[in-house]
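Colleague: So the sequence lines, in the order shown, correspond to chains A and B. Numbering follows this note's numbering, with no gaps: position 184 of the first sequence is 184. Numbering follows this note's numbering, with no gaps: position 169 of the second sequence is 169.
Do not take every clue at face value.
The list treats identical chains as interchangeable, and a pair is accepted whether it falls inside one copy or across any two copies.
What the hints assert, rightly or not - As a list, the in silico EDC-like pairs of lysine to aspartate or glutamate whose alpha-carbon atoms are at most 16 Å apart:
id : residue 1 : residue 2
1  : Lys-69    : Glu-152
2  : Lys-3     : Glu-333
3  : Lys-298   : Glu-333
4  : Lys-190   : Glu-97
5  : Lys-294   : Asp-229
6  : Lys-296   : Asp-246
7  : Lys-302   : Asp-39
8  : Lys-38    : Asp-198
9  : Lys-49    : Asp-321
10 : Lys-301   : Asp-179
11 : Lys-301   : Glu-333
12 : Lys-3     : Glu-251
Derived by calculation from the structure, the hints in this document are not laboratory data.
Number of protein chains: 2
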Amino acid sequence: MKKLGNQTYEFQNPVYIKHCHTMVGQKEMTGPLAKYFKDYFIDDTFGEKSFEKAERKMLLTTIQDMIKKNQIHIEDIDLYVGGDILNQLVTTNFVAENLQIPFLGVYSACSSITESMAVAGMLIDGGFGKNILCSACSHFSAAERQYRFPLEFGNQRQAYSQWTVTGAGCMLLCGERCDSPRITRVCIGKVVDYGVLDLANMGAAMAPAAANTLLAFLKDTNTSVDNYDLIATGDLGKLGSDIFRDMLEQENVMIGNNYIDCGHMVFSASEEVMQGGSGAGCSASVFSAYIYHKLKQKKFKKVLLLATGALMSTTTNQQGDSIPAISHLIMMEA
Amino acid sequence: MKKLGNQTYEFQNPVYIKHCHTMVGQKEMTGPLAKYFKDYFIDDTFGEKSFEKAERKMLLTTIQDMIKKNQIHIEDIDLYVGGDILNQLVTTNFVAENLQIPFLGVYSACSSITESMAVAGMLIDGGFGKNILCSACSHFSAAERQYRFPLEFGNQRQAYSQWTVTGAGCMLLCGERCDSPRITRVCIGKVVDYGVLDLANMGAAMAPAAANTLLAFLKDTNTSVDNYDLIATGDLGKLGSDIFRDMLEQENVMIGNNYIDCGHMVFSASEEVMQGGSGAGCSASVFSAYIYHKLKQKKFKKVLLLATGALMSTTTNQQGDSIPAISHLIMMEA
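Kindly produce the complete structure, drawing on both the sequences and the hints.
Modeller: And the structure:
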């Protein structure tokens with residue numbers, strides 16, 4: 001590896017995203033990306049007794065389907081790196097128990113998929129494994145009742161709120177050359193806090209983190225936004241994306257039509273989802289389905305994925321702390 | 001690096017624990033390790049408005065003291081890898097915001113210190129940094145009310161329960177040779193679940209994870225327990241340590257006087273602490289103070305540290321799930 005600037009690492013050895021798989025809920029299948037999502041489930045509980053168990057079944061099924069479909073031998077997987085947004089990372093922990101692969105749990109809220117990919121990529125580049133499994137996921141009903149209100153309460157949603165994506169994305173990173181997209185650089189984020197206090201306003205809390213990491217990456221690599229076919233943030237939503245654009249403009253970085261936000265594009269616009277999707281499963285599923293597909297087809301050749309995570313807890317919020325956020329960046333080439 | 005067996009990695013490049021620092025609460029200063037703990041605070045709130053903010057101040061102070069005392073330039077620290085046991089990793093996240101070092105949050109409950117050291121060590125061995133900061137911490141009052149009961153409830157403690165350590169440990173891992181203990185091997189744990197359902201019985205839930213990882217490591221490295229001056233588990237407590245010994249004996253591994261448990265030794269025996277200490281700060285502070293000191297003095301020459309983490313949440317517990325656990329192992333040489 002080669003360190004560029006303060007936060008960016010360039011891989012010297014091959015790190016390929018050999019396989020990807022994703023599963024989503026019913027609502028995501030009514031959105032514009034439905035044709036890219038292959039597997040889904042209708043009942044919010046997935047036949048389980050709780051939303052938390054449904055999330056777990058969704059993640060396990062996603063990984064098992066990827067393993068089965070691609071005839072991967074589970075004993076060939078050196079490590080599993082993953083995270084989710086339920087307390088104590090329980091979805092990923094319980095799935096790791098089922099898989100029996102040596103496991104590293106990571107947490108950066110909705111940036112967990114890019115943190116997993118960054119850690120796994122660095123370990124492969126450093127020679128610590130030929131095959132590393134990564135994953136992230138979220139479930140609307142499980143997340144909503146943990147972070148905000150009981151579903152039965154039926155609260156009115158703020159105009160600037162987002163809707164947690166029910167979805168899981170997983171991938172197998174591989175240290176051998178293959179005909180798949182390659183991870184070439186990663187940029188590790190710093191935690192930033194612009195003083196947002198409102199738990200419903202995730203986009204505003206996370207936009208500064210995405211801007212901070214993208215600006216650091218552009219500086220470290222001496223590149224401009226025009227050098228990339230696609231720059232995708234994870235789950236800023238419509239409002240957060242606008243703030244992100246504004247913050248970049250203030251630094252004279254004009255981001256154009258090559259910019260998308262996974263949260264903004266995953267749902268059809270409605271009063272229910274307001275600013276769009278959020279959650280660790282948002283960037284994980286949109287990347288694993290839509291972006292990965294386009295990279296494979298070489299429709300996109302150089303992609304930056306910046307998932308963003310809000311790092312508060314309900315306790316810090318109740319105690320009056322503002323919401324810190326982080327964004328880790330992954331650069332991929334077709 | 002060189003992979004040994006299925007779970008163990010041997011570093012080929014220097015990875016040294018250049019500096020360590022620790023801070024504990026008042027109760028820890030009345031225990032047998034008091035002379036190794038240099039910094040402590042008396043008031044449980046550390047002058048803050050909540051226990052959670054006190055935990056944060058404790059971790060930040062510990063890291064800042066290490067930086068100041070050893071004249072470390074913060075800009076020379078490439079990465080910060082750390083975790084804690086509060087929901088959403090808030091203690092470490094907020095401290096990372098303060099430090100402004102590129103940050104990777106990790107979670108494996110009370111095994112967070114060895115996960116941090118393993119990830120940081122692998123990244124240094126792989127060339128991803130010369131200096132990486134690691135930390136873990138816990139605070140009795142913050143942990144107790146999050147995981148079990150409000151403190152005001154004054155519940156009776158079970159005979160097999162443990163007492164969360166109020167303490168923080170941090171260290172600077174360094175890729176340049178120096179006169180400090182060296183990390184030579186790490187073993188990444190698998191998640192195991194032996195069906196323990198009782199949130200108060202952490203020792204029984206975590207002992208199988210420690211046994212599982214130690215047996216894997218001994219097999220991978222073709223060594224026996226007699227090859228090490230010290231084998232330390234993180235926070236099994238008295239009961240958990242006995243279960244750990246029993247499980248090893250069943251596999252014909254007879255662990256002798258070279259075995260200690262950080263949780264068992266951190267407090268003086270009392271009805272209050274029952275089986276001893278627990279929490280991410282237990283192994284972090286006992287290692288950073290006592291074990292590191294003895295390694296520096298070359299009283300211990302070859303040490304295995306196996307911190308152990310119970311990976312349930314209160315929700316999984318209330319939904320009837322048993323408690324999965326993990327243990328990551330670090331091998332150090334004086």
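Colleague: State for each hint whether it applies.
Modeller: Each hint tested on the structure:
no.: 1; hint: Lys-69 x Glu-152; result: neither (39 Å within a copy, 53 Å between copies)
no.: 2; hint: Lys-3 x Glu-333; result: neither (19 Å within a copy, 29 Å between copies)
no.: 3; hint: Lys-298 x Glu-333; result: within (9 Å within a copy, 49 Å between copies)
no.: 4; hint: Lys-190 x Glu-97; result: between (31 Å within a copy, 7 Å between copies)
no.: 5; hint: Lys-294 x Asp-229; result: within (11 Å within a copy, 55 Å between copies)
no.: 6; hint: Lys-296 x Asp-246; result: neither (31 Å within a copy, 52 Å between copies)
no.: 7; hint: Lys-302 x Asp-39; result: neither (27 Å within a copy, 50 Å between copies)
no.: 8; hint: Lys-38 x Asp-198; result: neither (35 Å within a copy, 40 Å between copies)
no.: 9; hint: Lys-49 x Asp-321; result: between (35 Å within a copy, 12 Å between copies)
no.: 10; hint: Lys-301 x Asp-179; result: within (13 Å within a copy, 48 Å between copies)
no.: 11; hint: Lys-301 x Glu-333; result: within (5 Å within a copy, 47 Å between copies)
no.: 12; hint: Lys-3 x Glu-251; result: neither (24 Å within a copy, 45 Å between copies)
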